[in-house]
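Position chain X relative to chain Y; hints supplied.
One letter stands for each residue in the lines below.
Protein chains: 2
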Amino acid sequence: MAEHTVTFDIVSEPVQVKTGTLLSETAQLAGIDLNQPCGGQGRCGRCALQVTEGSVRRRSTIRLSDEDLAQGYALACQSVIEGDIKIAVPPQEKIERLLTSDRTAAEITVPPGYDYALDQDIQAVPISLTPPDMSDQTDDWGRLSTGLRQQAGIDQVQISLGLLQKLGKILRAGEWDVTAILDMHPTDQPLSTPRLIDVIPGKELIPPPLWAAAIDIGTTTVTVWLVDLITGQVRAQPAQYNQQISRGEDVVSRIIFAGKDGGQENLRQLVLTTINELLEVACKRVKTDPPLVTTDIVKATVAGNSTMVHLFLGIPPENIRIMPFTTTINQVPNLTAQEVGVNINPEGTIDCLPGVASYVGADITAGVLSSGIDDAEKVTLFMDVGTNGEIVLGSREWLVTCACSAGPAFEGAGVAHGMRASKGAIEDIWINNENLEPTFRVIGSVKPRGICGSGLIALLAEMFLTGVIDKGGNFNSNLETPRIRQGGHGWEYVICWGADTGHGEDIAITHVDVDNLLRAKAAIYAGFTVLAESVGIPLDWVEQVLIGGSFGKYINVEKAIEIGLLPDLPWERFQFLGNTAVRGAYLALLDSQARERVKEIASRMTYIELSADNTFYDAFISAMFLPHTDLSRFPSVEAAITNKE
Amino acid sequence: MAEHTVTFDIVSEPVQVKTGTLLSETAQLAGIDLNQPCGGQGRCGRCALQVTEGSVRRRSTIRLSDEDLAQGYALACQSVIEGDIKIAVPPQEKIERLLTSDRTAAEITVPPGYDYALDQDIQAVPISLTPPDMSDQTDDWGRLSTGLRQQAGIDQVQISLGLLQKLGKILRAGEWDVTAILDMHPTDQPLSTPRLIDVIPGKELIPPPLWAAAIDIGTTTVTVWLVDLITGQVRAQPAQYNQQISRGEDVVSRIIFAGKDGGQENLRQLVLTTINELLEVACKRVKTDPPLVTTDIVKATVAGNSTMVHLFLGIPPENIRIMPFTTTINQVPNLTAQEVGVNINPEGTIDCLPGVASYVGADITAGVLSSGIDDAEKVTLFMDVGTNGEIVLGSREWLVTCACSAGPAFEGAGVAHGMRASKGAIEDIWINNENLEPTFRVIGSVKPRGICGSGLIALLAEMFLTGVIDKGGNFNSNLETPRIRQGGHGWEYVICWGADTGHGEDIAITHVDVDNLLRAKAAIYAGFTVLAESVGIPLDWVEQVLIGGSFGKYINVEKAIEIGLLPDLPWERFQFLGNTAVRGAYLALLDSQARERVKEIASRMTYIELSADNTFYDAFISAMFLPHTDLSRFPSVEAAITNKE
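Read top to bottom, the protein sequences are chains Y and X.
Going by my numbering, the residue at position 477 of the first sequence is 640; the numbering climbs one at a time, nothing skipped.
Going by my numbering, the residue at position 35 of the second sequence is 198; the numbering climbs one at a time, nothing skipped.
So here's chain Y without its partners, still in its complex pose (with noise of 0.2 Å):
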């Protein structure tokens, strides 16, 4: 087959490729690390590369103006090397450091009562041991287990082989006066036999130092804790970006990523190279002599959506996207460290809270743990909407809950002027009911670089109020400003004229866009109406609102009750509760009885299946208008609409 030279202006060296490779393929062998949002599906259009030189052929040119192409522009993942080309690699959106949740570093209280003697695990037993004789040459593993036995009453220690290679240096460098770091209940089965993580030379530290970890894997955000189990307090919580972000915004897109050759693994590895940079700040964040090392850590409890925790494993999560939508497990079993790759101390615990379903994961029992729906009175509707739409409905007597595919359009996805909630980005806005002219807030006081989740709420909301665009999402053509106008894909509105903005482009909200965000949110409000309709309750029954996930954190529910999102309810029964998913893993880690309920939660949830339910559909479909066919779901709205009239 033919070779065929290809030339990046930003690397030296050409490449040599067969024809009818990628050009996505051609820019990895030359070291471009593409971004790919979508995973190479040929939908985000992030990967466009300019073809300076010959030409390639084009199997899509989806989110490429007539113009884009004019330039030679041409998407990566969707383009086949046939001949010499020249290309030039355009500087792609670079990723702010900048996270929300790093953006306030709020004290997180301890559980009231908490008492690591009572509630821990993890438990560290000085003991101490009669040197061997002559007259008692009892090997080192058989005075060790004996001296727990008689002297900590635990019995049938297992040891793995790492520490057996250790353990006769250990007892000789503590005179055999040690510390034995234990697992007290290393499975879910009541009768767990104690598991050793690790033995330190001498005893004096009482009560030693002992760290774990709550880990939070988001598809877009991880977040870890750093804990002081003697304590109890959380000494550091940073978070960063998932570093499969480049391989795709949307589970969806990573499982497809996963599925290509070396994808599986490749995600792995980011993920863990994503958590393991974060437990060393977080232990550089504490301050302690001798300073604290990542494999002082014992333990970890991880939770996560379905797909990312099989990811952080390794396990293919293939099936999750196709009929019927399987895991290949939600109840992971204790793991240690060494096997899954997470640098803590090798032997530490990894506990993956459980998870219910493919699209309701250890994040959501551990929400729904940390927000206390298991045992709350009222009828409590708990969301968390993150790159991923879940909800769950009840109380301490029943607990439902659904996954919408609601898409990522609320964190920026989808959207031509999207993004996160970043240095840039527009989280608020108004628009001037008159002249139309908008107001907005941005993030960082800096010139606006797009719009984030809550910005495009505050849009959507706005221009249906001001009659930018009707109930049907559709623009209208007939307002006298300039801001409204035809664009590249249809109808848009300016937010922002180019001389103003951070990158020297107008930003604007498309048709396109607006399906899309009706799209989310009319998924989000279906799976509302499914779960209240499951249980035979009216909507309006719910006695609280729980919305947990950085996306709540800086909504504006009435906004959000303007263009149907959220239900019609008054506002005091909405409540905002952050990470609920780290907050969940917190918990359980320092307390085996909390862990138990996580573990109930998850058996106790009964999954409503959407895409196999007609209900859900219908009630789609009603709630692709703003904010609802039925507009005495949202009488609030339906008021102000009155009022304005």
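There could be a bad hint or two in this list.
Copies of the same chain look alike in the list, so a pair counts if it works inside one copy or between any two.
Unchecked claim - With a cut-off of at most 30 Å between alpha-carbon atoms, the simulated DSSO-like pairs for lysine-lysine come out as follows:
no., residue 1, residue 2
1, 610, 181
2, 332, 762
3, 447, 586
4, 181, 423
Hints listed in this document are in silico derivations from the structure and should not be mistaken for laboratory results.
Structure of chain X alone, referenced to chain Y:
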């Protein structure tokens, strides 16, 4: 520090080293793998190299004659580089790959009544699962574990991460019909949770092929028995020298080598390579369609002395040779093949049989099981004289054991012309009473190259009975034969003149050799004495003597009694059992009750530490004569001598 150039004749590139570097390290740098049977202690003389230009500082010249020194020979492990030198590497003794255990391919009898379904811990369980659909989205692992519970009554199965990573594909490849391979009893606790070793698509193969291996890691020889678990038959039984031999011939040399930089890991890799090669060979010997591969093996039981087991597992054996002689572990928990590095199914069980003490290891407990002493009505003496000498005395009522540091003299080490029982070894010898001319038999019917253990015993007995040596082992220089002469190491007896040997050099036994053999036999006999005294019985109450190990296979009981190595009992009480360690490992592999019995044997045996025991020292000194200072202990020998006189 100054650098010097060292040039080896067999390597093209010279190497640069600093002043003070050992010649052995320099050779290693140059890529030359020297034989160091004593572990680099300067004891064996095998690493001698010839300095052809320049000179080295010799720390020790033991084992080098004046002639050697004049020719420039130096022990690589004892010589320090202090200037530029050139080195000639003499062709080293090659290890012949013909082993005693490979000489006969004995048919092994399956224990009568073996029933795979009742006795075997490894079980293959066919399971038919209902495929998932939208009304049942149970996770793969939940589905399989429910299947195991409902269809086979197996509850709470453990699964590894490695298997979880493959599970989704396996279940679908088998279209939801699978065969689960389980270790039903993976720990020695009564309530041990079954562990999944593998899941194989399909369930047609009933019974499916199930393979396992019984492994004996000898200090000298490693033996593998490949077993079909369904029938219980041994299908191949290859043996090979333990590749660690090049790092020291006895356990003490190995322990010293393990203490060097990288030594521990080097020894681990060498024994793993030996085992993995034997597994390959074993699989090739069995003709199946498709061909058997090592990953078809799902379990291995391992016997070996404590040092061998520690080295196999990468556990430092250092304290085994330091007072008070402790191991790190005697009863190793089950491990997986992946953890240990054995190339069978990665999740296959590695079951190291339990040992008793530093010098009474799993080879002896397995030997006791195999020989059945623990259930014997007769007072039985069991000995396994391999590289070490371990002895067990007892019956179904009681068991005492000890280890005599006999050293490997009877394996040919520490004897100038000693060699292992391989091609070219003199294995039996007779000396003419009149002219003192020897006749001998050589393994492989070739010209002799040395003398192996059985030959040495015969030689010692013959020299004693013909008066070549006296009862103290001293040569009689007054006899009229050119065969008794003064050599480089004092008086010696020439067995074969250079003209008739395989290598052209005279084969002789020296005064030093005789002394080493006397020490070895005295240590073993003193062990018998101490054990008998510890339970208050005279040695001649012993009703049967069972001899295990390759050592015993070809020795002549009469001659062994004549030199006082074996107690003077009627010949019919002696029985040679061959490799009892591997046979014990095989029995424990087949039958969970036999495995339980080994554990019981290990805990029942009373270990007598000889080095803490004055009785032993006295007994040893008394036994340093031929056959013994107290001739009344050897009435048959007394009679023979009297007859002669």
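So, going through the hints one by one against the coordinates:
no., hint, result
1, 610 with 181, "neither (45 Å within a copy, 64 Å between copies)"
2, 332 with 762, "between (39 Å within a copy, 27 Å between copies)"
3, 447 with 586, "within (25 Å within a copy, 65 Å between copies)"
4, 181 with 423, "within (19 Å within a copy, 52 Å between copies)"
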